[in-house]
Amino acid sequence: DGGITQSPKYLFRKEGQNVTLSCEQNLNHDAMYWYRQDPGQGLRLIYYSQIVNDFQKGDIAEGYSVSREKKESFPLTVTSAQKNPTAFYLCASSISTTTDTQYFGPGTRLTVL
Amino acid sequence: KQEVTQIPAALSVPEGENLVLNCSFTDSAIYNLQWFRQDPGKGLTSLLLIQSSQREQTSGRLNASLDKSSGRSTLYIAASQPGDSATYLCAVRSSSGGYNKLIFGAGTRLAVHP
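Chains S and G are the protein sequences, given in the same order.
Residue 319 in this note's numbering sits at position 32 of the first sequence, with consecutive numbering throughout.
Residue 173 in this note's numbering sits at position 79 of the second sequence, with consecutive numbering throughout.
Here chain G stands alone, though its shape is the one from the complex:
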């Protein structure tokens, strides 16, 4: 059974720091991995999607890497800003009963203070 774990659960950093969020999964047979952002009391916004054949994806100050064989992904945020404060969720897409299912981690709650 696929399980997704995110470490740390919470992170507080000063503005301007580069930081890394970690995501691990137990079954390497995935189609892709996706990082989402969730603001308090809101829905999810997709940030980056990495296909199983890819090693990384970049969007602005965000870079996500994928090491399928070791079951790990990292989200790198460069030059963090207070506006980056949110919960970051990773999700892997695996096959389950013919349906390509998204399995989520519990998230990392990030606070960037001025």
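So that you can see chain S by itself, here it is in the shape it has in the complex:
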């Protein structure tokens, strides 16, 4: 059953702590993306990766970090430097960054207590 999985579905964090969100895909896609969604706003791009061992900053990368050690995995770390981390985080993948269709995971809702 091909697709994108994100875990956990809900995540709670205390202020000052780093937290890592998981994203895995078995679609054999080269490109992967992380978006942030806030109420009443569209999705904003945090980071993207065109291929293994490569990643680029998106529009709102400050306070976040990523790695791409395996084709299937693109974890996102929300660091303590992120001023307002409470949001819904969506991971997506596509065959390449120039390919039209991105496939989205179910999302992780992060709440900072």
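In short, the hints are calculated from the structure, not lab data.
Each residue gets a CB set at the ideal place from its N, CA and C atoms; glycine is no exception.
Keep in mind that a hint or two might mislead.
Claimed, not checked - Partial chain G-side listing against chain S, Cβ under 8 Å, derived:
| # | residue |
| --- | --- |
| 1 | Lys95 |
| 2 | Leu113 |
| 3 | Asn126 |
| 4 | Ser140 |
| 5 | Leu141 |
| 6 | Pro176 |
| 7 | Lys195 |
| 8 | Leu196 |
| 9 | Phe198 |
| 10 | Gly199 |
Since the structure of chain S is already known, use the hints to place chain G on it.
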């Protein structure tokens, strides 16, 4: 800088109505425009994709049109059903620093009541 706006922000209609969701964008230099559906607390599902050279795309009860010169797209939903209740997002693909980037609108939250 490309900006995408969706109107209305929310819409409530009785079952069976035909309805139109609007999407506008500021820069007509786009590769394509895509409509997505998002159920509460879930990811996005692609509904329709219109290439910049196309005028419309249809899938079942959904029809999306594109007028690139005026920077507008509409999503037409025929004979709405309660199962259509969701947030509908449009996104345009533009070139930005060599990467074909998706830029999203804030969405229209649709409620179809029986």
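Outcome of the hint check:
Interface restraint check: Lys95 (chain G) against chain S, minimum CB-CB distance 10 Å, threshold 8 Å, status violated. Hint on Leu113 (chain G) is violated. Least Cβ distance to chain S is approximately 21 Å, over the 8 Å limit. Of the supplied interface hints, the one on Asn126 (chain G) holds, with its beta-carbon coming within about 6 Å of a beta-carbon of chain S, less than 8 Å. The criterion of a C-beta within 8 Å of any C-beta in chain S is met by Ser140 (chain G), whose closest approach is roughly 6 Å, and the hint holds.
Against a cut-off of 8 Å between C-beta atoms, the interface hint on Leu141 (chain G) is violated, since the closest Cβ of chain S lies about 11 Å away. About 22 Å separates the beta-carbon of Pro176 (chain G) from the nearest beta-carbon of chain S, more than 8 Å, and the hint is not met. Proximity of Lys195 (chain G) to chain S holds as hinted, the smallest CB-CB distance being about 7 Å (cut-off 8 Å). Because the closest C-beta pair between Leu196 (chain G) and chain S is about 7 Å apart, less than 8 Å, the hint holds.
Of the supplied interface hints, the one on Phe198 (chain G) holds, with its beta-carbon coming within about 3 Å of a beta-carbon of chain S, less than 8 Å. Nearest Cβ of chain S to the Cβ of Gly199 (chain G): about 5 Å, under the 8 Å cut. The hint holds.
Comparing the model with each numbered hint stated earlier shows that hints 1, 2, 5, 6 do not hold.
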